[in-house]
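Residue numbers (the numbering used here): 1 to 155.
There could be a bad hint or two in this list.
[Claimed, not checked] Heads up, simulated DSS-like pairs for lysine-lysine below, C-alpha to C-alpha not over 27 Å straight-line: (1) Lys101 <-> Lys51; (2) Lys128 <-> Lys70; (3) Lys52 <-> Lys70; (4) Lys52 <-> Lys128; (5) Lys71 <-> Lys52.
[Said to hold, decoys possible] Just the calculated beta-carbon pair ranges, DEER-fashion: (6) Leu146 <-> Asn46: 31 to 41 Å; (7) Ala145 <-> Ala108: 15 to 25 Å; (8) Gln109 <-> Gly61: 37 to 47 Å; (9) Gln111 <-> Gly135: 39 to 49 Å; (10) Pro87 <-> Ala145: 30 to 40 Å; (11) Lys51 <-> Ala145: 35 to 45 Å; (12) Arg137 <-> Arg95: 19 to 29 Å; (13) Asp89 <-> Arg137: 11 to 21 Å; (14) Gly154 <-> Pro113: 16 to 26 Å; (15) Pro104 <-> Ala145: 20 to 30 Å; (16) Thr144 <-> Asp63: 15 to 25 Å; (17) Ala58 <-> Gln149: 24 to 34 Å; (18) Thr90 <-> Asn46: 16 to 26 Å; (19) Glu105 <-> Gly154: 44 to 54 Å.
By construction, these hints were calculated from the structure, which means they are not laboratory data. All C-beta atoms, glycine included, are put in the ideal place defined by N, C-alpha and C.
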Amino acid sequence: MGKVAENAPSISANAHAGNRQPRFATIAPFPHQRKPLMTVLYGIPNCDSVKKARAYLAAHGADYTFCDFKKTPPTTAQLEAWLADIPLDTLLNRRGTTWRKLTPEQQAQAQEPAAALALMAAQPSLIKRPVLEHGGRFYCSFQTALYEQLFGTGG
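Construct the complete structure from the given sequences, taking the supplied hints into account.
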C-alpha cells in the first residue's frame, strides 16, 4: 500500500514555462523537497474531488504526500509554477462558493494574472482541486483516465 505524508510543507518552484525539468527552489529546507520526482497531491481534505483522488492513489498503492491547503496554503511562487502546466482559466475555480462570495470588483480584477495569483494565495479555496505534482509536471482536477495514464494503472 502507498504511504501518505499528511500536511507536508508546500514546495516552492520557479515558473519557467519552457522548462520541463523538475522545478525546485534553490533552498530546500524540507526533506521531501530533495526528491525531485515525488508525487504530491494538493487540496482540501473534505473536497469530493480530492477524496476521489486520494482514494484512487491509495487503491493503486501510489506513494504520495498530501498537502492540505487549509494548513499550508500555496505560495505565489508555487502558483506561478503550477501555471507553467495549468492554464489560469483551469486553475482558478470560478464555480465555487468562494468565487461567488467575491465582490464584482474582485472578480473583474481576477482577469489579470497577478491579481488572480494574489487572490488564490490569499484564498486557496479559489484553486480548482486537486492539484497533482507528478513526474516534474502539474495537473489539475481528478480524472480517472489521466491518473491511469500517469500511474500506469489502466486496464
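Structure-based check of each hint:
About 24 Å separates the Cα atoms of Lys101 and Lys51, which keeps this hinted pair within 27 Å; it holds. This hinted pair checks out: Lys128 and Lys70 have alpha carbons roughly 14 Å apart, not beyond 27 Å. Pair hint Lys52 plus Lys70 holds up; C-alpha atoms about 18 Å apart against a cutoff of 27 Å. Between Lys52 and Lys128, the direct Cα distance comes to roughly 14 Å. Compliance with the 27 Å bound is thereby established for this hinted pair.
Taking the CA atoms of Lys71 and Lys52, the gap is near 20 Å; set against the 27 Å cutoff, the hint holds. Separation of Leu146 from Asn46 is about 22 Å and departs from the stated range, judged on CB atoms against 31 to 41 Å. About 35 Å separates the C-beta atoms of Ala145 and Ala108, a value inconsistent with the hinted range of 15 to 25 Å. Here the CB-CB span from Gln109 to Gly61 is close to 43 Å, well matched to the stated 37 to 47 Å.
Separated by about 31 Å at the C-beta atoms, Gln111 and Gly135 break the suggested range of 39 to 49 Å. Evaluation of the 30 to 40 Å hint for Pro87 and Ala145 yields a failure: the beta carbon distance comes to about 19 Å. Our hint of 35 to 45 Å for Lys51 and Ala145 is violated, since their Cβ atoms are close to 18 Å apart. Separated by about 24 Å at the C-beta atoms, Arg137 and Arg95 satisfy the suggested range of 19 to 29 Å.
For the pair Asp89 and Arg137, the beta carbons lie near 18 Å from each other, so the given range of 11 to 21 Å is met. Between Gly154 and Pro113 the CB atoms are about 35 Å apart, so this pair departs from the stated range of 16 to 26 Å. Restraint check, Pro104 to Ala145: a C-beta distance of roughly 37 Å breaks the suggested window 20 to 30 Å. A hinted range of 15 to 25 Å for the beta carbons of Thr144 and Asp63 is consistent with their spacing of about 19 Å.
Range check, Ala58 to Gln149: Cβ separation about 18 Å, and the 24 to 34 Å hint is violated. Taken as a hint, the range 16 to 26 Å holds for the pair Thr90 and Asn46, whose Cβ atoms sit roughly 22 Å apart. Taking 44 to 54 Å as the suggested C-beta distance range, the pair Glu105 and Gly154 conforms, at roughly 45 Å.
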